[in-house]
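Produce the complete structure using the sequences and hints provided.
What follows is the residue order along each chain.
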Amino acid sequence: MAPRVAIIGLASDFGCQVQVTNMEDHLLDVLGLMDLAYWQLASSGHLPEEYDVAVIEGAVTTADHVATLLKARETAAVVIAIGSCAVTGGIPALAGTVDYDARYGVVYGDGAAVARGRQVPKPVSSVIKVDYHVPGCPIDPTEFVTVLSRAIMGLKDDMPQDPMCAICKTQENVCFLDRGRACLGLVTRTGCTAKCVTLGRPCTGCRGISPEANIPAARLVYAEKGLDPLELDRLFDLYNAAREVVV
Amino acid sequence: MSTLTVEHVARIEGHGTITVEMESGVVSDVRMDIIEAARFFESMVVGRRFDEVSLITSRICGICSPNHALTSLKAVEAAFGIEVSERTALLRKLFVYGSYLQNHATHLYVFAAPDFVGLPSVFPLAQTHPDIVERALRIKKTGNDLTTLIGGRPVHPITAVVGGFSAEPSAADLRAMAVRLEALVADTVATAELFQSFEVPAFETSGEMLALVEDDDYAIYDGETAALDAGWRRSASEYRQFIAEKVVGHSNAKHSTVGDRTFMVGSLPRINLSAGKLMPRAAETLAKLGIAAPSRNTFVNNVCQAVELVDAAERCAMYIDRLLGMGGATLPEPFTIKAGSGAAASEAPRGTLYHAYSIDDDGIVVGGDVITPTAQNLGNLEADMRAYAPTIAHLPKDEFILSMEKLVRAYDPCLSCSVH
Amino acid sequence: MFFRVIDKERLPDLITGLGTEYEVIAPVEKDGRFVYAPVVDPAEVRLDYDTTLLPPKKWFFPAEETLMRFRVADNEVLDDEVFAAPRVLFGLHPCDINALLLMDNVFTGRYADPYYMRRREQTLLIGVSCTPSDTCFCNVWDTNEVHWGFDVFLTDMGDRYFASCRTVKGAEILDRFVENRTVSDEDTREFQRVVHDFKEAFDRTVDTTQLPVLLDAKFDSPIWDEFGEKCLSCGACSMVCPTCYCFDVHDRLEPDQKSGVRVRTWDSCQFKEFAAVAHGQNFRDTRASRVKYRYYHKQWGYLSKFERVLCVGCGRCARACPAGINPVNVIEALQTGEVR
Amino acid sequence: MNNTQVVMTRDIDANPYHPWPARITSIMDLTDKEKLFELRIIDEDVREAFEFQSGQFVELSIFGVGEAPISISSAPSKQGFIELCVRDSGDVTGALHAKQCGDVVGLRGPYGRGFPFEDMKGHDVLLVAGGLGIAPLKSLINHIHDERHEFGKVTILYGSRNPAEVLFRYQFDMWKHRDDFDLILTVDQPDDTWDGETGLVTKLFDQIDVDPDNTYGAICGPPVMYKYVIEEMRKKNMDVDRIYVSFERRMKCGIGKCGHCGVGHQYTCVDGPVFNYWEAMNLQGAI
Ligand SMILES: Cc1cc2nc3c(=O)[nH]c(=O)nc-3n(C[C@H](O)[C@H](O)[C@H](O)COP(=O)(O)OP(=O)(O)OC[C@H]3O[C@@H](n4cnc5c(N)ncnc54)[C@H](O)[C@@H]3O)c2cc1C
Ligand code: SF4
Ligand code: SF4
Ligand code: SF4
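Line order of the protein sequences matches chains A, B, C and D.
Going by the working numbering, the first sequence wraps up at 422, each residue one higher than the last.
Going by the working numbering, the second sequence wraps up at 1740, each residue one higher than the last.
Going by the working numbering, the third sequence wraps up at 546, each residue one higher than the last.
Going by the working numbering, the fourth sequence wraps up at 304, each residue one higher than the last.
Calculated from the structure, these hints are not laboratory results.
Mixed in with the good hints, there may be bad ones.
Taking lysine-lysine and the BS3-like style, the derived pairs with C-alpha atoms no more than 30 angstroms apart in a straight line are [stated by the list, open to error]:
#1 Lys236/C - Lys405/C
#2 Lys304/A - Lys478/C
#3 Lys116/D - Lys331/A
#4 Lys400/A - Lys1658/B
#5 Lys236/C - Lys214/C
#6 Lys464/C - Lys52/D
#7 Lys400/A - Lys478/C
#8 Lys464/C - Lys244/D
#9 Lys52/D - Lys331/A
Covered stretches of chain D, as calculated for chain C (at least 3 residues, CB under 8 angstroms) [said to hold, decoys possible]:
#10 35-47
#11 66-80
#12 90-99
#13 121-130
#14 248-260
From the structure, some residues in chain D lie toward chain A, with a derived Cβ separation under 10 angstroms [to be verified]:
#15 Gly107
#16 Asp108
#17 Ala112
#18 Ala115
#19 Gly139
#20 Ala181
Only a predicted model underlies this, so the values are computations on that prediction, with no experimental measurement involved.
Glycine residues also receive a C-beta, built at the ideal position from the N, C-alpha and C atoms.
The structure is reproduced here in structure tokens:
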């Protein structure tokens, strides 16, 4: 029997859900793998009481989100977090770097307090146990389908954990560090074929910090290349502000 | 008093709830509660470097990210006084149209069409009307492939940077894309015909209509803001002087007014203001559909999106030809980082999008402001809902709800965008 | 061996001629560095290149390749055909040719690898002489000279090339595609002078005496910890190395999950998972142990089987490693007990 | 044989990565985590040509999931089938556990160097296994069993974590009643039902007599075990080059190319998995 899948959005820009619809050639095949129990973006209907797989997009920024997640964890056998927002806190977590409460005033002035139960943005895994992560801003839809199908089969995600430089080398890019520009590839989790670097833009760390990253060594590399070692940390805030900083 | 709520209206981008208050069978109030969580983008960019702004703001919306990226780039360029090359501007226009193709196709087929055929989603259509679903996917895919060709991926462009592009598509790839776009015109015309065949309620909005206009082009990347009823044209970068935003109690998105009127932005206002600038097939389609611009029927917005699809397919093929024939570069020229402020506007698929930033001497952002199309539309949408609800109050509850949802979806609202 | 002389200005004819029958791969410029890429126009070819970003191995053993297509339902192989187009690799430096010979030891012989072999059989190699760069140290391993493994080798003698043809095929293409002449005494004298000067031009000295013994004796040396602290575990060194051949294998399903492909991708012993086995055991858990393994294998493991070290001194890893770790400073650190 | 099969056979010959289809002909639950699978290669010619030594392994292939190296557990003297004793410890092994009798999987091999069966003949044999390490040793034991008259004293020491994890109990019960096999079982954590020894396998060395000039040793178990068992063997004055160890390392190809199984300056897949202890001593980081 096809597993019942619910796609649930928290604080996000829906980009990862859109990416799922963006695999036009295979969308129908992919939908054939599952019984789509809930997808607010594409279909009418309410979040059902029972489903097997919860796919979560978005960062946790309100008390409602926390409640939704606790319920999802109770209901679903498998929880998959997709996209930087859900995996690392992503761009939303950038708002949490300094004085989160003041930001409300900056945007809304003294207006009515509508942002009920708001919290400093954080990743899904800080609230519930997450079984599979699909990192990236946005996700790569093929990677999502691979992880989803492996989750359904009960397999490990099979995703590499190492930093990005290796895959960047296979693309024959001239290293940004050698061109005097900061790049986060040397500490960012690989798996994206170094797309940004290949298209002329340094890695910005959207896939999160590689569990194998050697941050102190990377700071030294920056210094060696004439960059400010702390620039590494500053750049990392972009998608990883909710991380624990390694000294 | 009874209250009717439709929580998490489906098939729109973001989370919103319709609340209708009835007093002895008469509609007394209608609200669109936007419960989408605020992410505070305007304060988030503060303290970040100028070249990160477009990366950050493109995450306001995963559906029209190319538009946010470009509008913020233009604002930063305005602050630094950077003029981009003609080639860059043309490539950027193509980029915007890629977004149009994918956005309009998604809205029309995935979000709106199920309403008209009485289905919860587009997926069952794959069984009953595979040709329609395949056509939808073809248009959407061409749009995505065009944005990918230029920006590196369909969502959150990689290559669009301050001053130009970090990489440019090859001539061969562009040429192949032009061929696909020409072939797509037939699909877009069929789309317009399909939507014309759906019955739309006779309903007129009372709001003003705003869109960018240019003297010699259908304005999407540049132009001045024009008001349909008031008849004025003003510099878009002065948007703060003609658009007033206010915080309302029930919505995390602010509401906007122009003068003291609510107003509408999007395909309908654009066609109302620039019908004469449409490409031939698009103009022909518009005429054939019997839509007399200006129209005030909000529901016609869907058909106008379809007409814009025709225009986009034709126009992009022409732009690619022009691009292949012209010289110039898109790699950014060196520029000086200096303190300054800049504002910019462009037409996103859902309407005019404004971004403004102040930057200090070190290139660090000190202030930011964004008004999204949906935020501009919300006041008007609520006004429409208030006007429309009493006229359908007699319908059974299910039909009443569906009709209200249709009205909401006619605006193609993007709620996470509107809150941002 | 059969020798010929080609006027420099005639060389483009050779490339154009080869292009009529082969896919020609040659060094071209990319963002200020060089890559081996397919060329159509001889003017793109840059024989003055120092070294390429990736070595030629990618044309025989691509960074990612499909081994077979399979069907899930009955665990059946649908297709494992190895397709290789006739190709010429033009402009290889001696180190890169020597590196291919080292790769051959692994991929041919017992359990010959059909994917590598088929491409190897279908590819002609045309070498060209080089000049030492800042990072190369091929002289340390004697890999700045190459005696076989190519079809034609072109030695630059200013206005002309001294062409050594090692294979029948090599002689044949030379005669067919480019005007050439037989070698005069003067040419031979000039050749001797040029190669002598070439050898003289290398001044890198590294003491490699009894390296295997040194590696064994210094197995527990703290210098490895120092390298471990610097290493980013990024694997860049392995990717760019012309002699690194390790790979990983993954099964990838099509979106309908009914069929799929088994692919292999380049791997690196610097990655943590590389030596991990079930139940949490990892034989090379620390960065230090992994950096050490790379050198231990290259300069002792491989040597124990094939009597050569698995390095040709091309210096690519030295350029690619963000942390500046490379064979020269590793060997020197082993010798001196100090990481420079 | 029809045409398609002919083509396939040729391809397989040419391609060492191409697995042979093999049918699962029997599955026996051994413990919670281990099952014994009997497999039969479908192609008759290949099946007949499939000859192996105890200690060699195969690459087991489940398309869509991957491959895993697994020791052959049955004796080479058994023809037409092979047995694999597999612990569910991940993707491939888990997928195998989910298979039914009659399902088809893939096999390639046999690979690697096995135990020196011929050399061992005419000598006493001391086999020491820990946990799943019994899997390859079982092949050797069965092989010795089939040619029992060729060997001197045969002693088997086998340690498990707890009684529930003891593998091949049915066989051991049988051997226990024979007087030509000395089998001593031990567990770290006994329960009420346990009537064997308690403690680490090294403790059992107190109970055995070894003729140092005439005994071959073979060890297979978890990585931590080797050092201590070898120490005990050395205390009994056994020759370093008569002690054999079988290693487990990560492997992707099984044929000396992928590089994962490197141990010291050797590869486990082609130079091992069975190494002579003298060799193993010279493999840095092996033990
Ligand atoms: C020569 C040899 C003989 C073996 N004999 C047996 C046997 O008889 N019975 C048995 O149950 N097991 C045996 N193993 C171990 C078995 O191969 C691994 O447990 C198995 O490969 C794990 O694969 P998996 O896909 O099930 O697990 P995976 O999902 O791949 O991984 C589980 C963990 O095992 C590790 N791993 C992955 N691939 C391998 C690999 N190829 N080798 C070792 N560890 C790996 C990884 O670190 C991973 O974290 C043997 C291993 C070797 C090298
Ligand atoms: S450009 Fe970035 S990802 Fe690529 S090698 Fe350099 S640091 Fe690594
Ligand atoms: S180890 Fe370094 S120098 Fe030696 S062959 Fe590899 S990349 Fe070249
Ligand atoms: S390139 Fe350098 S930093 Fe990266 S893995 Fe190799 S030795 Fe370590």
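Cross-check of the supplied hints:
1. Lys236/C - Lys405/C: holds, 29 angstroms
2. Lys304/A - Lys478/C: Answer holds: Lys304/A to Lys478/C is near 24 angstroms, not above 30 angstroms.
3. Lys116/D - Lys331/A: holds, 18 angstroms
4. Lys400/A - Lys1658/B: holds, 26 angstroms
5. Lys236/C - Lys214/C: Since the Cα atoms of Lys236/C and Lys214/C sit roughly 24 angstroms apart, the hinted pair holds (cutoff 30 angstroms).
6. Lys464/C - Lys52/D: holds, 27 angstroms
7. Lys400/A - Lys478/C: Measuring from Cα to Cα gives roughly 26 angstroms; hence the hint holds.
8. Lys464/C - Lys244/D: violated, 47 angstroms
9. Lys52/D - Lys331/A: With Cα atoms ~21 angstroms apart, Lys52/D and Lys331/A stay inside 30 angstroms; holds.
10. 35-47: It holds, with 3 qualifying residues against the three required.
11. 66-80: With 3 residues close enough to chain C, the hint holds.
12. 90-99: It is violated: at least three residues are needed, and the region 90-99 of chain D offers just 0 whose Cβ sits closer than 8 angstroms to chain C.
13. 121-130: Since 3 is at least three, the answer is holds.
14. 248-260: Result for this restraint: violated, n = 0.
15. Gly107: Nearest chain A Cβ about 7 angstroms off; hint holds.
16. Asp108: holds, 5 angstroms
17. Ala112: Constraint on Ala112/D satisfied, holds at 8 angstroms.
18. Ala115: holds, 8 angstroms
19. Gly139: violated, 48 angstroms
20. Ala181: Constraint on Ala181/D not satisfied, violated at 24 angstroms.
Hint check: violations occur at hints 8, 12, 14, 19 and 20; the rest are consistent with the structure.
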